[in-house]
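Going down the list, the protein sequences come from chains A and B.
Residue numbers for the first sequence, in the working numbering: 7 to 295.
Residue numbers for the second sequence, in the working numbering: 2 to 123.
Derived by calculation from the structure, the hints in this document are not laboratory data.
One should not assume that every hint holds.
Under the rule of at most 25 Å between Cα atoms (straight-line distance), these lysine to any residue pairs were calculated in the SDA-like manner [as the list claims (entries may be wrong)]:
no., chain 1, residue 1, chain 2, residue 2
1, A, K196, A, A154
2, B, K16, A, A53
3, A, K63, A, L19
4, A, K90, B, S114
5, A, K232, A, T256
6, B, K106, A, K93
7, A, K93, B, L120
8, B, K16, B, P78
For each label pair, taking beta carbons as the anchor points, the in silico distance ranges come out as [what the hints assert, rightly or not]:
no., chain 1, residue 1, chain 2, residue 2, range
9, A, G213, B, L72, 50 to 60 Å
10, A, D234, B, W45, 50 to 60 Å
11, B, R70, A, R105, 36 to 46 Å
12, B, E94, A, I225, 34 to 44 Å
13, A, R14, B, M60, 40 to 50 Å
14, A, Q69, B, D56, 20 to 30 Å
15, B, W45, A, D48, 28 to 38 Å
16, A, H108, B, S11, 54 to 64 Å
Reference excerpt, derived from the structure (chain B facing chain A, CB under 10 Å, subset only) [as the list claims (entries may be wrong)]:
no., residue
17, I14
18, M89
19, L96
20, I104
Glycine residues also receive a C-beta, built at the ideal position from the N, C-alpha and C atoms.
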Amino acid sequence: MTAPDDYRYLSELLNRSSGLYLGEGKEYLLESRLAPIAEQFDLPDVAALVRRMREGKDPLLAQAAVEAMTTQETLFFRDTSPFKALKEHIVPALLPARRAAHQKLRIWSAACSTGQEPYSIAMLLATLTPAVLPGEVEIVATDYSPKALVRAKAGLYSQFEVQRGLPAQLLVRFFQQTPAGFRIADEVRKYVTFREQNLLLSYALLGSFDVIFCRNVLIYFDRPVKRDVFDRLAAALTPTGFLLLGAAETPYGVSDRLVRAACQYPGIYVRAPASARASLGMAEGALVA
Amino acid sequence: MKRILVVDDSAAIRKAIRRIIEPLGFTVDEAGDGQQALTYCAEWGSVDAILLDIDMPVMDGLTFLRQLRGLAGMPQPTVIMCTSHNTMNNIEEALALGANEYIMKPFDTDIISSKFQQLELM
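Pulled out of the complex, with its shape left as it was, chain B reads as follows:
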């Protein structure tokens, strides 16, 4: 079963994402900020994809992404931004840092499953 890490400081958003992707057949793990996500990646190693918010305390999503992509020898999962930063500049910046896809909040079931299909996660 494919494993997805959901990184968002809002428990409500993590729950909303979990509710959508668990029935699609994924195992879901959660982290509340970028630092927790880095620790998770170091300890668990591989995860198939990360759904990543931008605005978070301790370490924001783009800082996490920059660090993750800079880690030589670390498995590099697919990263899908999932954020309310909804401008073209935000999207371009995240793609340039190594994000594979971008979801603008609010999302619905179709948007998430369409992105997963695009990235051949399902």
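So here's chain A without its partners, still in its complex pose:
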């Protein structure tokens, strides 16, 4: 079991390096995450690992420990299903019409954090056969945090980050190794435009989208806010557009503006036809009245 003093040290380190607050009583979590790191550095236990960290002589060890402690919410290709759906269902359904009209397919990665999601979308499009070219698509990636956006734009990831969800084949093809980390290639970067956007404020300046990725964000909002965001996401979709949500998120019972898409993939929604809303007595007019 982690000694109180070591626990305090690790909590403070975590907070300093990633802003996360561990709170009380997570000794088991630390132990289970740090024990494999101790073993790899040939140290007998977590206490010895902390001693070595406190000496401050091994930056790789400290980085490995911090990475292992943080809950990882920013994987490349997080959950395979939305990316499979994009490749197999959404792009084939929407791209031919956009190409015929010489218009770009517009994709919004809402709450993109440090950029793994929009870059994953870009890599997927670049590896389709035939590839979707940067001139045929616009990926708008937004986050409320300027700090996260700076990192996202830099496209520079640690050895730990590029190993979470990113196939080695894509690492080799789309990243350059630099002394500072692994940098995403310009050919991927040019698919993506980054902008600051708070999901609670108007999306009017962003325009409308064929595809919106808004995954694992709404779980943090309470019900009235969720409803407002769902309604406005629906309004930001083109009539044929798709909204992709996280596994634990659904507009069902919260907003009537969205319905499940008629496809085999989970978590995909489309705009509800106005008639369906009217029949439930919840159309816009009904609400105003």
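Fit chain B to the known structure of chain A by using the hints.
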């Protein structure tokens, strides 16, 4: 239950990997070098995946991989390199020899489970 062979000359690393993947529901076997791993594959036949170090005595990981992939009629398991050779050239070489994935040490639980999910081992 899926069976994973961990090939590494460090007992500490084998233990670290075992500690991570056994709770995920895998049976873990160990080998200390490439030669032992080849013997294991010949005797046991099928294994679902191999986690493979590169620097090892007797037979290194890339030699083992080359021999394994060259054996006609031998079941061909998924091979995930797990090594401190951390350059793009190392990764490209291993992929060219038939590795399916590549883990750069030091790894943590999330990295291993993310690679296993990618390869549909879990």
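- [ ] May I ask which of the numbered hints given earlier this structure violates, with the numbers listed in increasing order?
- [x] 6
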